[in-house]
Structure formats: structure tokens, C-alpha cells
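Student: Chain residues, written in single-letter form:
2 protein chains.
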Amino acid sequence: MVVFSCFSKINEGEIIIFNSSISKDATPAVVSRILKAQEKPISQIKFQKGVYHFYPDKGLEQFVYISNHCDLMVNTPFPINGLKNLTIDGQGSTFIFHGVMIPFLIDKSSNITVKNLTIDWADPFHSEGLIVGRDEKKKTFDMQISETYPYEIRNGQIHFIKPYYEHTLGQSILFDPERKAIAFNTEAYTGISTIKKNDTKAYIESIVYKYEQEERAPEYKYIGKENNLFVEELKPGLVRVHNHKKQMPPLGMILVMKGEQGFNRVSPAFRVSNTNGFNGSNINIHHAGGMGIIAENSSDLILDNFNISPSNGRMVSTTADATHFVGCSGKVVIKNSTFSNQLDDATNVHGTYQKIVDILSENQIGVRMMHHQQKGFVIGKANDTLGFVRLEDSFFPFKKVTIKNIEYINNRYQIITINEKFPGDLREGDLIENLDNYPDLLIQNCNISNNRARGVLISNPKKTVIENNFFNTEMEAILVPVESSYWFESGNAANIIIRNNVFQDCQHGGKNRGVIRFVTDDDNENIAFKNIEIINNSFKQFDNLILEISNTDKLEFTGNTITNSGTFQQLHSENPVVKVSTSKNITFKKNTYAGKVLPDNLLVAEGSEEGIKFR
Amino acid sequence: MVVFSCFSKINEGEIIIFNSSISKDATPAVVSRILKAQEKPISQIKFQKGVYHFYPDKGLEQFVYISNHCDLMVNTPFPINGLKNLTIDGQGSTFIFHGVMIPFLIDKSSNITVKNLTIDWADPFHSEGLIVGRDEKKKTFDMQISETYPYEIRNGQIHFIKPYYEHTLGQSILFDPERKAIAFNTEAYTGISTIKKNDTKAYIESIVYKYEQEERAPEYKYIGKENNLFVEELKPGLVRVHNHKKQMPPLGMILVMKGEQGFNRVSPAFRVSNTNGFNGSNINIHHAGGMGIIAENSSDLILDNFNISPSNGRMVSTTADATHFVGCSGKVVIKNSTFSNQLDDATNVHGTYQKIVDILSENQIGVRMMHHQQKGFVIGKANDTLGFVRLEDSFFPFKKVTIKNIEYINNRYQIITINEKFPGDLREGDLIENLDNYPDLLIQNCNISNNRARGVLISNPKKTVIENNFFNTEMEAILVPVESSYWFESGNAANIIIRNNVFQDCQHGGKNRGVIRFVTDDDNENIAFKNIEIINNSFKQFDNLILEISNTDKLEFTGNTITNSGTFQQLHSENPVVKVSTSKNITFKKNTYAGKVLPDNLLVAEGSEEGIKFR
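Those protein sequences? They're chains G and S, same order as listed.
With the working numbering applied, the first sequence corresponds to residues 1 to 615, in that order.
With the working numbering applied, the second sequence corresponds to residues 1 to 615, in that order.
Don't read these hints as lab results, they were simulated from the structure.
Any given hint could turn out to be false.
Which copy is meant is left open, because identical chains are indistinguishable; a pair holds if it fits in one copy or across any two.
Claimed, not checked - Restricting the straight-line Cα-Cα distance to at most 30 Å, the calculated cross-link-like pairs of lysine-lysine (DSS-like) are:
| id | residue 1 | residue 2 |
| --- | --- | --- |
| 1 | Lys245 | Lys225 |
| 2 | Lys24 | Lys355 |
| 3 | Lys235 | Lys196 |
| 4 | Lys197 | Lys400 |
| 5 | Lys235 | Lys201 |
| 6 | Lys49 | Lys210 |
| 7 | Lys197 | Lys139 |
| 8 | Lys375 | Lys24 |
| 9 | Lys108 | Lys137 |
| 10 | Lys221 | Lys180 |
| 11 | Lys225 | Lys196 |
| 12 | Lys584 | Lys335 |
| 13 | Lys36 | Lys355 |
| 14 | Lys404 | Lys40 |
| 15 | Lys221 | Lys197 |
| 16 | Lys24 | Lys210 |
| 17 | Lys235 | Lys221 |
| 18 | Lys221 | Lys46 |
| 19 | Lys138 | Lys421 |
| 20 | Lys139 | Lys225 |
| 21 | Lys221 | Lys24 |
| 22 | Lys49 | Lys400 |
| 23 | Lys246 | Lys554 |
| 24 | Lys335 | Lys381 |
| 25 | Lys225 | Lys331 |
Required output: the full structure, derived from the provided sequences and hints.
Tutor: Below, the structure is given as C-alpha cells:
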């Protein structure tokens, strides 16, 4: 595949240069010009170097279903829709956004480049409180909240009020302000227990549904629940939180709060969909109320020097993943970038499983989107290859067909017609995945640190190279899952090369898991992962467990060096270095171990392993 | 104007007949066929007489901005979009809807007829509680809640849980189950005081906006507020409500609750927009989570034997207006219909005011939608006449121009280009209204009773005839307002004939207002209403005040009979029969008065009246 072969056409349109005359609210001028781009093509939009503010009030509106975000009517100053060969060059400018908006909303376009700019929000979508008191007996802790985070208390619940937005305490985690990173062992203290079961209800059991519903979806998640916490103000800016169930957070830590799941991802910085060719380079994203970039059903995406880091003394950069790719194909490259302090993974690459709920004819099925953050997702286009998957039998498809047509009915239900006939044993309840929409993935020369959750999540059966990166993550540095049961994020994984990376004190959040981990949601012994090479990496860890392998066929762990960092107190001393279950053809060669684990506990193997070799 | 001149073409398409084979969920079959209607035209969709259920799960989705409703992504089984000359004939069938959906979503169509069917919902969007206890001292009242209304209590707040929907106590009113109507003097007891100010906040005053925001919009309405009530369960189905501020409701009354304003209008039965020619006949609507019909920017709408009434022992039919017309033109006819037990007006006919916020050039303005229930409303089409209005000077436009083009930016902001140049004195802050989009309105032979709020609201400067109707409303039977300050519902009023109607015990809800009332939001003496005739009506009232007139020029009150019904205890004995302020050319002729008011108190006139005549 030749990437960006059309770039020679880039100069066909007008070059627009915006200057500081629009800096107080650049939105209306930018929207106005871009809306004319179909008739008066634009090749470049340049900004004279400066600081530009963007408000939502005069932004172009669009209803968006965004994977792994909320779905909402939102405004954008950059409605890049159906455009080709466009470069947006900030020339070193800073764009400050206000409230709920999506800076770059790129859809059905090709060869779009955005470069040389910094993105920030005037007011963050999360809030921070310094822990200044704790009482284990009374189950209270006290937070000092600065004027950066206006709040009010309604019936004992704290609401952080921003321009155009508000959030509750909701999802939370501790940051250590000295390290400016997730606090060591935050799992012992967070998340703060905001919700509990309620015990007063009548006749609820009489409510039955004809069709499957999703209980965890935002519209249902509070049924049977109520608030667990009670917040009181001791004096303005100082609040006491009562009734937390875990340990009270340590003094001096900062509690980061972002509101309840299902409601708190409304403003990613970049949303790229149905687009072939996106180039983001020399970009700094200091904040977003969601991900740095979420790309869906797109191909040939290059992020180079595309950095996520916090500003203005905030602990947090983006409030969700730095980058995230769903159903993307062609080349996906993430290189020379820093992903720090975001509240979720540095990247997550996967497809979607959709569930067959109606077999309508010999070539037509009705499918249901299973997770509310996949609502509205269209699984492919004409002639894409669909696989039928029955996970209890295999993680690999039992039959492949091609799409003829998809009729969008609603965000949960679509009708798919195929070019062939269905296999005779197709059943309602079987899953589909798009086998074409996985990428040739490269993650290279990146620094992934100080963030909540994982480094990279890979559900990619095509090809993945992860090399020359630095990881310092509070959960797994690299997680290779089959997220079938909750997230319905498709993809077994194959052909993954992990080489020349440094893993520094990963899993310091406190979970008892490996630094690199292969795992399936489904409790069976089928192979999900194939052809994995973990080569010449350096693990500098404070704890034992390095590698967790399950459901894998052919994994080579070669030339790696494992040392003890001593950075933090060890948490799980009972662990071996490697855990293997239900896997085969696992080979360990030429590795160096200088950690704490005794030789007879280096590896624990369970299940039906065969062919574990040490050479 | 010849109405429905195209009806001769009605037989051009296929006649579709659905039968009971689809009755368990008729949605997918109906959607599937209607989606093909552009290629395979349909002239009629008939249903074999029966009961048909419609679920939202496989309904066609559309994001809708609906005037005077919530804006939402919603599903419909009848996506009538861009169709012509279509008749849907239920042939006496009953359609039962489940959850949040819009039965008939009719847009950009012409000559659409729906007839011979009954619409109901399996589960209502409101809830009812029988008052079985009250304690004025402790400020509590007790409600018995039947299994029709499943509920749970979360942190002292009651949530009524339905399939696909839930609501809080929110907006409420009392019904008298013996009369099956709004309880006499409900104003003394309701609405229940759900919200109060909160007193714990920090730094909120630092939040400032560059542009105007609407504080009462759903996204802002809880800032500075918290719940006032506390609800406890005494035993399953019996709950005690604490802390109500008005009088405790009387025993035996039924409290109807529908959740908070801004969140509780999600499922009107009919939504008709941008459509020329709609005929609804022999329709019974027993319920809807919103209005019976909301029509916008449409023309030539005939409702004949289009009835709103409750079913299944419910106190309530539709949870909002029976019918409502915004920016509609041509003939609007409402005849031979019953509008009973709905939770808002029987009809409301008006346009919209939009505020000029940017004068962008000599022929281009940016306008803002002022009320959140007008979000997304487009004020007109090319060549419609726009009036510029400055309400402090006059209720009538100071300049008329015509629309060249409207560019939709977002739900609050649009850019309007006109064919002419603006007047030199046009100012930001001036309002616009569409002077063409008012109808020739006829309301005839209708029974309007037992409902919350008004009978008819008329903001129509064209022509209105209201004749041979029966009114028994808890507020005004006929309200002629200029709703400029809160609702931004445009229209002064002229050429209104009110004749041969019976007004029976209107205003029994307890408000101190006239049965027929002319009023402006703006506190000035300008004329808003012209050429009004109130002729040969019969007023059978329990209280004094019949007619309130303000800002009116030329009103004739002739041949009317006023008697005392004695139905209820008099509430406002100090009132005269007629109040007149800031009006002129008001004439009273040949009326018969047999009420309680002494002759020297029949009329109170304030302000700058001239020409009040009795003949």
C-alpha cells in the first residue's frame, strides 16, 4: 500500500490565513469559511502564530455517535466533512477551547493534515482536590479545592460547575503531586465509592422487556442504586467526604474526579471517522473532555510528535485515552509522541463485535450494538469481509462472508445484507466482526507515563510492532485482550512484535497483574493469540510479575532483561515472574533476570500447556 | 386558497395492508416498507382491524428538535419523510406504543392523512398517587401508589420507573377522581415544591460567559438548587412526602406527577413539520408523553374528530397540550373533537420571536433561539416575510423584509440573509417574527374539559374563529397573550371571533384570572390586540371574573349570557365581571347578567382607556 499517494494534489484549493483579528472567538470565521469549502476548495488553513479562543456558541452543530464516548449533539469550529487534501497549520499557535465542543470533527474525508498547534481547554472537564484530612474510624476524608474548580453541594452531593458543563465526583483516582503521576497503590484507596444499592422499591419486578436491554447503559444504570457518599462543606473550598468504603486516601495526594461513567466523555480533541489518510504532527494536546484522538472506520493514520500532556499545573491531560482506534485499517502509526497523565490508556486498537439478533432471510440479518459506547457504529462498507464468531467454540471466525449493504435503523439495530448465503448453522446470538478493518500498527519511540490505566491495548489480528517505547503505567503496559463480554471490542491478536522497550515500574496502581498481559474475557482454553515476539526489552520493576500469558499459541520471550527497581514497596511478593495458562509453544531464550524471585518460582504454568521451553 | 387540491392523485402508489401477523411488534415491518416508499410509492397503508403493538427497539431513529418538547434522538415506526398523498387508515385498530417513541413523525411531506385509529401507551409517562394522609403541622402527606406505577426511592427522592423511561415527582397537579378532572382550587396545594435554593457553593461567581446563556435551560436549571422534598416509604406502595410548602393536598385527591420541566416531553403522538396538508380524522389519543399533535412550519392542517381522552382508569391523557401549532399557515381547523384530561392547553397557536445578536452585514444577521424548547427551530423559508419587532416601542413590526436564505449553524444560532437591506436603526436585541406563518384558524364544535391549564391560546394576527365549543378548564378558557418575555412565542392577535361557546366553571384551578383574558408580558400601554368579537356566548361560572382586557383596540362583547353556576365555592369575591386596562374602543352590547356581582362593580377600568361603551 502506498500511503498518501494523493498528496501531490494538495495545492489545488485556496490557502486561507487567519490572524489575530479573530482570536477572541475564532469559531464563527472558521466555520463560515469551511462551510463554503465544497464550492470554494481549500488546500490550507493557516493561523498566524498566536492564541486563538474557540467558543461553542457559534460552532457548527452535529449529532455524533462517538465510539467509547458519550453520544451527543455537539459543536465544532472545524467541520471537516467530505473534504480532500486539506492541511490545517497552526504555525505554533495555541487553540483554547471553551466548554463542550469537538475541536476537529473529521468525517468522510481524505488526506487531512493537522500540524503545528497546541490544544487546551480554558476549564477542565475534571476536578482536583488535595487530601488534607482523613479519619479511618469515621470513614471521612477532607479535600481542599482550589478556585480552579468551582463547586456546589446539592443534598450532600458535590457538583463541579464549569462553563457549559458540570460533573459529580463520579469516577476518581489519586495522583501523587510530587511524581505528578498516578499515586502508588491507588487501588487501595480509589475509586471512591459513590454508588450503592437502594433498598426501597415497589413493583419494579413487574417491568419486563420484549427485547434485550443494557442494564449498565446510562439510562438504566441508576435503577436500584442511590448515592453512597455524603459531602459536607467545612468552609468554602474545604469539604469533607463521608462514607467511602475503601481506605481513606493518604494526605498530600490529589483526588482527581471526573463524574460518572457514561456521562463524562463529551469533548475529544480529534474525532476522525470514515476518513482515508489523517496526519497529525507536532500537536500538543493539554486537555480534552474525552480522548486526544478517537478514530473510527478510517485508514492510514499517522500520529507523529502528537503529544498528550497536562498544562496549568493540572494533574490531568485528557480525561480518557490519549488515542483510540476502532475498525481502522491500512497503516496506523504512532511515533515520537508523549502520552502522559491522561485518565485512560495511551492507545487501544480494536474492532467491534455485534450480535446477531434476527436472521431475516438467507442473506439478511438484524444485528444489535451491545455496548452503549458503540451505539451508532456501522461495522463496515460494501464488500468488507465479515467473520461469524461463536466465542464458546473459537476466538476465530467459523465462516467468512462479504457485506452487500447495511441499512441503519437505529443506534442499536442495523440490518446487514451479505453477498453470499449464511452458513446453515448460523444462530441468533452469534457475533460478527469485520476482518478487514484491522491495521498494520506501529507504535514507536513513544513515552507513555503517569497516566491512569494501561499503556497500549492491542486486539489486532493483522500486524503490530511496538518498539523503542518507554512505559511507566499504573496498570499493564501492554494488554492484549479479547474484550468480548463487556466491551464487545473485537479482535483476537496475532503477529505482535514487542521489542527494545523499557518498562519502568508498571502496575504501580496496585492491581495484581502482569506488565504484559494476554487475557480473554471468556473462560475457555481456546487459542486467541498467535505469533507473539517479546524481544530485547528492559523491565525495571518494583514487583515480581512481568508476563501473564493465556490462550496463546507461539510466543517467544527472548533477550529481555529484568531488574528490580526498588522504586516502590513490593505489593505481591507471592507472584512468579511469568504466569502461563492454556497456552502452547511458549519459548524463553537468552533472558537476564536480576529480580527478587527465587529460581524455582520464576514460572507458574496452569492448564493444558505444552511446549514451554527454556533455551 | 384551495385546500388539498392534489387529493385526486392519491391512488398513484401501492395499497399496503398489514394484518395481525405483525401485531406483536408492528414496528420493523412498517419501517421496512415505508423506507422503500421513495422507490415504490405507497398511496395507502391500511391495518386490518386489531390491536398492534409498537416497540422502539427496531424503530427508525432520528434526532428531533421539537418545539415545546425535549430535543432527542428518538425512534418512530412511521417515518413519513418527503412523502406525498399518503393515507394511513387504521380501520378501527388500536396502536399500543411502548416507551419513548413518536408514533407519527411527519416531515417535508404533503397531503398526509391518518384516520380511524386509537393511540395509547402500555405504560404512561406520568404517575398517579392517591392522597391517603395529610399532616399540616408536620408538613407531610401520604400517597398510595398502585402497581401501575413502579417506583423506587433514591436518597429520599422518588423515581417512577417505566419501561424505557423514568421520571421524578417533578411537575404535579391534583385531580379529583370523582369529577375525573383537575381538583377544584388545586393552586392552593400544587405544584408540590420539589426544588429549593442550595446554600453551599464556592467560586461559582467566577464562571462568566462570553455569550448569553439561558439559565432556565435543562443543563443549567439545577445550578444553585437542590431537592426540597424528602420521600420515605411507609410500606410498599405507601409513601410519605415531607416538606411541601403549600397546603397539604386533600384526602381522596389524586396527585399526578410527571417529572421535572425540561425533561418530561419526549413522546408526542404526532409531530408534523414542514408539511403542506395534514388530515387527522377519527383519531383517539389516550396518552402521549408530550402533546397529542405538535405541528411546526406546516400549512393546511385539519383535525376532525381528533380526540384526546384518558384510558385504563388513568386521570391523564396526554402529558402536555392536546394540540399545538407553531409557525403554521393556510387553514388550520380543529373541529368536532374532545380534548380532555391532558396536562396542558387544548391548543396553542403562535409563531416564534428570535433575537438578533449579530448584525453581520447590510443584509445578514445572526439570530439566537431564546427558549430552549425552540432550539433548532427555523423561522421560515426563502421569500417569507420577516417583521422586525422592538417590543418596548410596539407589538407590531417596525419594518418588514423577506428572507433570502437561512444558514443553520446550531440549535441556538442561525444566520439569516434577506433580499433587501436592513433598516438603518436595526439594533442587536431587536426581535424577528415570521409574518406569513400565521393561520386562518377555526376551532369549532369541540369539548375542552378536565385538563390542566388553558383551553386555547391564540397569538394569531391573521384570523381566528372559535365557535360552538364547550369549555371547562382550570385556567383561562381562552388566553390571548403576547408571550415575549419567557416563551418567545410570537404573535400579537387580531380578527378573533369568539361566538356561541359555553364556558362552564372555568378557572376552577384557583388562579385569580378571567375566563377570557388578553394580556402581554411587556408592561406597556401599546396596542397588541385588535378587532375582537365575543358574541352570543354563555358563561356559567362559579366566580365573578369573566373577561380581562388589556392592550386592546376594538373589542365587542355582545349578546352574551352570564349566570352563576354555584358549582364551586367562590374564590375571588372582590372581582368585577370585566377588567379593562390600557385599551380602547371596547363595546358591550345586549349582554345578560345573572351573576353575583353588584351592578356598580361590573367593570373595573384602569389605565388610559377611551371609548368603553355600553349599549
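Student: Each hint: holds or not?
Tutor: To see whether the hints hold, each was checked on the structure:
1. Lys245 / Lys225: both (16 Å within a copy, 28 Å between copies)
2. Lys24 / Lys355: The answer is between: 22 Å across copies meets 30 Å, while 48 Å in one copy does not.
3. Lys235 / Lys196: For Lys235 and Lys196, the Cα distance is within 30 Å both inside one copy (27 Å) and across copies (21 Å).
4. Lys197 / Lys400: Answer is neither; intra-copy 44 Å and inter-copy 61 Å both fail.
5. Lys235 / Lys201: Cα proximity of Lys235 and Lys201: across copies only (10 Å, versus 36 Å in one copy).
6. Lys49 / Lys210: between (58 Å within a copy, 23 Å between copies)
7. Lys197 / Lys139: both (19 Å within a copy, 29 Å between copies)
8. Lys375 / Lys24: between (36 Å within a copy, 25 Å between copies)
9. Lys108 / Lys137: Intra 57 Å, inter 65 Å, cutoff 30 Å: neither.
10. Lys221 / Lys180: So Lys221 and Lys180 fail the 30 Å test inside a copy (33 Å) and across (36 Å) alike.
11. Lys225 / Lys196: both (5 Å within a copy, 24 Å between copies)
12. Lys584 / Lys335: neither (32 Å within a copy, 79 Å between copies)
13. Lys36 / Lys355: between (41 Å within a copy, 25 Å between copies)
14. Lys404 / Lys40: Close across copies (21 Å), not inside one copy (35 Å); limit 30 Å.
15. Lys221 / Lys197: both (11 Å within a copy, 27 Å between copies)
16. Lys24 / Lys210: This pair counts as between: shortest inter-copy Cα distance 10 Å, intra-copy 53 Å.
17. Lys235 / Lys221: between (33 Å within a copy, 25 Å between copies)
18. Lys221 / Lys46: neither (45 Å within a copy, 40 Å between copies)
19. Lys138 / Lys421: This pair counts as neither: shortest intra-copy Cα distance 65 Å, inter-copy 71 Å.
20. Lys139 / Lys225: Classified as both: same-chain Cα gap 21 Å, cross-chain 27 Å, threshold 30 Å.
21. Lys221 / Lys24: between (40 Å within a copy, 28 Å between copies)
22. Lys49 / Lys400: neither (52 Å within a copy, 44 Å between copies)
23. Lys246 / Lys554: Classified as neither: same-chain Cα gap 41 Å, cross-chain 75 Å, threshold 30 Å.
24. Lys335 / Lys381: Within one copy, since 29 Å is at most 30 Å while 51 Å is not.
25. Lys225 / Lys331: The answer is neither: 45 Å in one copy and 51 Å across copies each exceed 30 Å.
Checked against the numbered hints above, the structure violates hints 4, 9, 10, 12, 18, 19, 22, 23 and 25; every other hint is satisfied.
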